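Asks: Got chain U; can you put chain L on it based on the hints?
Protein chains: 2
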Amino acid sequence: MSESAQGLALVISAPSGAGKSTLVRRLLQAYPRFTFSVSCTTRAPRQGERDGREYHFLSRQRFEELIRQGSFAEWAEVHGNLYGTPLESVEAILGRGGHIVFDIDVQGARQLRSTLSGGVFVFILPPSVQELENRLAGRGSDADSIIARRLEDARKELEEAPAFDYWIVNDDLDRAFQELCCVYRAETCRSKRNPELHERLLRGAVDSS
Amino acid sequence: MSESAQGLALVISAPSGAGKSTLVRRLLQAYPRFTFSVSCTTRAPRQGERDGREYHFLSRQRFEELIRQGSFAEWAEVHGNLYGTPLESVEAILGRGGHIVFDIDVQGARQLRSTLSGGVFVFILPPSVQELENRLAGRGSDADSIIARRLEDARKELEEAPAFDYWIVNDDLDRAFQELCCVYRAETCRSKRNPELHERLLRGAVDSS
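Sequence order for the protein chains is U and L. Numbering (our numbering) for the first sequence: 1 to 209. Numbering (our numbering) for the second sequence: 1 to 209.
A couple of the hints might just be wrong.
Since the list gives no way to pick out one identical chain from another, each pair is judged satisfied if it fits inside one copy or across any two copies.
To be verified - Derived lysine to aspartate or glutamate pairs resembling EDC-like cross-links, with alpha carbons at most 16 Å apart: (1) K156 to E133; (2) K156 to E199; (3) K192 to E159; (4) K156 to D105; (5) K156 to D171; (6) K192 to E77; (7) K192 to E160; (8) K156 to D103; (9) K192 to D174; (10) K156 to D51.
Hints were generated in silico from the structure; no laboratory data involved. Treat the numbers as computed from the prediction; the structure is a model and nothing was measured.
Excised from the complex, chain U in its bound form (with noise of 0.2 Å):
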């Protein structure tokens, strides 16, 4: 039962610093079967960009609209442009069966919790708010204010944890990763997920492949 016939969208946040996009790579390399699903953006093209592979790109105007109708799982504004995930789109991902993973900061995952029904909230917490500090300062030459704030930041973020389904702690990423193999696996394995396949063995043959 690896592969569940109604599609998984995972969502990964994480406060920053805690590894999650790290992570995120190595589910993607892993299995195949996760698919992203294409933003929406105001801002403009670049150079090989093409509309509809990159991004949707939208007016601004035509971006406001669709936030109004609540055609977005999420959305965000980013630099004075506007980032969004169509919920069409995601709908559409997994009602074929393709899974998907959110990599989005803990206020994304907050929208999400409302928009997607039966998605899978995981949060990677770093092993300590110490080691957080460091790997926050060790980015670079930033001044003491800016580690200082980001580190703040971090802290308002660790306190939404209780909101995810499922924690990982960040302290060896190997085993980190294996864990977040783990809750992907386990959640393709849910009953609630595989309502046909009870019926399909009751029936005859399961192909569970």
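Replies: Frame of chain U, contents of chain L only:
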């Protein structure tokens, strides 16, 4: 976070012939944190058995008293003897962080569902009813009528599958075992099972080992 503070009760059930006992044995070998709970029975001790080690040996009168008091997580009568798992010892093991695995039939699992809060219920599925029939028939030189009855029982047991949290198809023993391990590891990462972890993290170091 491979080790959670509160122990886990993993209940594994299946129609007969689905191969659950082999999976449970491998799980116990792989994870020494699983503990056995000593059951109660009304049958007489066999040579070499000691009260409190293999079983708590009770009179039928005492056993029936305990049933009336709701002291069993589950109990059953088998070949005229009563067998039961004392709820108190299960709670003691879980409370000190031990895990318990139940290798139990569908009826026993149904009882555990009402007595064990927070238990994780896994159903092992045969690849198909046809395959189950082959396995049950292949066990020896049993009469056709016995095989037919076993298959009828198995079909009834299969109908209980929707009450379980997870389904694992045992068409490939190694893969089924991996999935069972993933269910176990994922469940230890559940935020609701680690209420202290978050607090420890905000306070200081997290020891996830």
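Asks: Compare the structure with each hint and give your call.
Replies: Here is what the structure says about each hint:
1. K156 to E133: within (14 Å within a copy, 57 Å between copies)
2. K156 to E199: Close across copies (13 Å), not inside one copy (46 Å); limit 16 Å.
3. K192 to E159: between (30 Å within a copy, 15 Å between copies)
4. K156 to D105: Close inside one copy (12 Å), not across copies (47 Å); limit 16 Å.
5. K156 to D171: This pair counts as neither: shortest intra-copy Cα distance 20 Å, inter-copy 46 Å.
6. K192 to E77: neither (35 Å within a copy, 32 Å between copies)
7. K192 to E160: Between. Shortest inter-copy distance 13 Å satisfies the 16 Å Cα cut-off; intra-copy 27 Å does not.
8. K156 to D103: neither (18 Å within a copy, 43 Å between copies)
9. K192 to D174: This pair counts as neither: shortest intra-copy Cα distance 29 Å, inter-copy 24 Å.
10. K156 to D51: For K156 and D51, neither the intra-copy (36 Å) nor the inter-copy (54 Å) Cα distance is at most 16 Å.
The structure is inconsistent with the numbered hints 5, 6, 8, 9, 10, although it conforms to all the rest.
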